[in-house]
Structures are given as C-alpha cells and as structure tokens.
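Chains A and B are the protein sequences, given in the same order.
The letter at position 21 of the first sequence is residue 21 when you use the numbering used here, and the numbering goes up by one with no holes.
The letter at position 88 of the second sequence is residue 88 when you use the numbering used here, and the numbering goes up by one with no holes.
You may find that some hints are simply not true.
Covered by chain B, according to a simulated footprint, are these stretches of chain A (three or more residues, beta-carbon under 8 Å) [as the list claims (entries may be wrong)]:
hint: 1; segment: 39-52
hint: 2; segment: 102-111
hint: 3; segment: 125-132
hint: 4; segment: 175-184
hint: 5; segment: 195-201
Each computed DSSO-like pair below joins lysine-lysine, with the alpha-carbon atoms no more than 27 Å apart [said to hold, decoys possible]:
hint: 6; chain 1: A; residue 1: 10; chain 2: B; residue 2: 83
hint: 7; chain 1: A; residue 1: 83; chain 2: B; residue 2: 121
hint: 8; chain 1: B; residue 1: 147; chain 2: B; residue 2: 205
Calculated directly from the structure, the hints in this document are not laboratory data.
Just so you know, even glycine gets a beta-carbon here, dropped at the ideal spot from N, CA and C.
Here's the letter readout for the chains.
There are 2 protein chains.
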Amino acid sequence: MTLQAFDRNKHLYKNAEFAELVKDAVRFFNGTPVHELPPPESFLGTGVYALYYIGNNPMYVRYAELNRLAYSSPIYVGKAVPKGWRQARVSARDTTQSRELFNRLREHSRSLSVAADLALKEFACRFVIFEEDSSDMIGTVEAAMIKLSQPLWNTAVDGFGNHDPGSGRYEQAKSDWDILHPGRVWAERCKGEGTQRSIILATIKRHLEKLG
Amino acid sequence: MTLQAFDRNKHLYKNAEFAELVKDAVRFFNGTPVHELPPPESFLGTGVYALYYIGNNPMYVRYAELNRLAYSSPIYVGKAVPKGWRQARVSARDTTQSRELFNRLREHSRSLSVAADLALKEFACRFVIFEEDSSDMIGTVEAAMIKLSQPLWNTAVDGFGNHDPGSGRYEQAKSDWDILHPGRVWAERCKGEGTQRSIILATIKRHLEKLG
C-alpha cells in the first residue's frame, strides 16, 4: 500500500449546493397541507413529519400561540425510514410500498390519546414523503428541521418517540416525557428512578422562553 | 384549524439534484488519500470513514483481492457526528473543533488490535471531513456508501461498531463480530447466548460471493 503524507485539506468536502437543497426541502415541507392526527387516510411512503400543539394545556400554550397564524413551531419532528434502513437492506420498492410514515403517525396518536393531560385533537401534523433516491434525504431533512426549530420534545424533553423496551428491561427509568404524561402501559412498568417533575418543568419553561 | 382534503401528491418531494450531490460526495470520498489505521496524526473534524481489509485472513481474503488495484471495497463504513447531534444541540464550532472522527478511528484501531485473529496492519482507511453546513450530509453520505458497497461488517456481521453496554447490561449476548473476533474485554463479559459461529461463517461466505 502506498501511503501519502497526511494533509487535512485533502479530506475536506465542501459543497454549498447541499445547504441550498436542504433549505428547498424544508421550504417545501412548510408549504404542505396540515392534517389532523392521525391523518384522515392511510397512505404509502417513508419520510419526515412534524407535530404541532394547538391546545390549551398551560405547559404548552406558548406553542398554540406561536402556531396561531401559521404552523411554524413544531413540538416534535421525526422520521419514518424504510425497514432494513440501518443495515442498508433497502430497495427502491421498500420506500414506496411501506406504510412506515402513516404507521409512525398512528403510533404517536396512540401515545397522545392515552396521556393523562393531552388530547389528540390538540395536535396537528405535517409530513413529507421522500421515496426512491430521495429517501436518502430523510435523515438530513429531519436533522435540519430539528436544528432549525428546536422542538421541545426533541431537544428538552426526552422520550416521546420511545418504544416499549420489552420484558427484562423494565428496570430502567421512565423517560421525562412519560413522567410528564403518564398513560403508556409499558412506560408505567419502568421502575427505575426518573427525573423530578419540577426539574423537567423548569427545563420546559427555559426552553419555551428561548423560542421567543 | 383549516384542514384540507388528503392528497398524497401534495406531500411528495422530488429533487433529482440531491442524488447527484450525494454521488459527487461519494466520488470525492473515493479520491481521498488512503492511510494506515489509525491515521498518522490527530486532526479536528467530524465526517464519514471507511475501513479496508488488505491482510491474509482466509475469512476476508476476498477483500484483499478486491482492494489490490484500488481501495474500492470497504469492510466497514461509519460516521462520526458532533456531540449533541441527536438532540440538535450542535453549533458550527462543534463540527470544526471536535476530534470525533479521529477518535472513532482510534477506537476502531483498539478493537482490531485486541482481536485474536486480526492485526492492525491488515487494515487501511479513508475518511472525509464534513464541517459546518456540510455536516448535515454526514448521515446521508454514510447511508449512500453503505448501500453502494454493502460492507460486510455493516450488513452481514453485526457488532463491530458497538460500545461497552455498561454494568447491569452484560446479560445480553455477544455480537456476531465479537464471537468471530474475541478480544474486547467488555464483550467477553456478555453472557447471553449468541449466534453459532458456523452460522456467522456461512453468512459471510454468502455475502462475499454476492460482492463478486
């Protein structure tokens, strides 16, 4: 093997077009129709989604204010990728014939509807389908949207997107989200010591003040 | 809230430029200098890397053959993202002032040097630094490269990139990679029943035949 002297600049990739492309996808996202949660009909596809809070819970009422004129401030942003994504066992067909995106939104709907102090009708959603070659954008667009709008349940309150850890793993603590919003059966089985509610509430307050 | 009728087409994002951009980044990657593992000096940056096998272990000798004329067939592809990436708590400075990429390559070097039947000098590496706005490409480029070259340790043999699960979690099984390559102290602590070695070897054989 012929080894070359180390030169950092030879390893540095720069391409300004990429940032433009991500901006275009985010702009498209923000122009898509808003729907109730879950969306009114099942559909095929993988992609990125955002949930918006529009209810009266005092904890989150700031979001309802921010979203009054336009859905600009999601409380949560997530992605639904094709099965086998992490192992790169994904064909173009997997991205068009999967119901991952709808299923993920329906799963979130269930989490919200069993939460003690939240109601499904206090939420709305947007989603964009990225299929075939475009499915490679899913992770990037999700990351960009989270960075841009710093949704509360992505950045300050952990656990909304969690799944049932499964038997043998209930020694772990309830997530901050589940401490705030008891309801999910599997979360109630988690026996570890979680964060104090007062600490989570203080974090939320600080975060919402930063959102302006 | 004004809800619109559901129309899937209004949620579908298409942009052919994106695929072109990813191809450009992969081309750049494949033109970067090859280095020994770990690279000869520490450097700042986050990004994507590939490891190439060039030794004589019969299990992997096919890779040494494939890489004889050009480093075209990685055995593993990975990413090193800024700290706080998942919570979107990343500033531009985090992408330029972090040593994540070098540290990740050094960590892999340690895994390989303690493995019973592998030697560090049987490996080479490539890496590309994506910083500031370009750091949003990291996940996409990693995914594209894995999809393209189907590296054995990403797609068929699980566990090379694992970390110490930590005390209280050693009831889990050793990963397939650790069963093949005993050495890492924390992996030897895992007590669960893992995959049979003969099954892992058969999977490897099948995978390498597909690589051609």
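Now the hints, each set against the structure:
1. 39-52: Coverage by chain B holds for the segment 39-52 of chain A (7 residues, Cβ < 8 Å).
2. 102-111: With 0 residues close enough to chain B, the hint is violated.
3. 125-132: With 5 residues closer than 8 Å to chain B, the segment 125-132 of chain A meets the three-residue bar; holds.
4. 175-184: violated (count 0)
5. 195-201: violated (count 0)
6. A:10 / B:83: 24 Å, holds
7. A:83 / B:121: Violated: residue 83 of chain A and residue 121 of chain B sit about 36 Å apart, past 27 Å.
8. B:147 / B:205: Given that 27 Å is the threshold and the Cα spacing comes to 19 Å, the pair holds.
The structure fails to meet hints 2, 4, 5, 7 from the earlier list, while all remaining hints are met.
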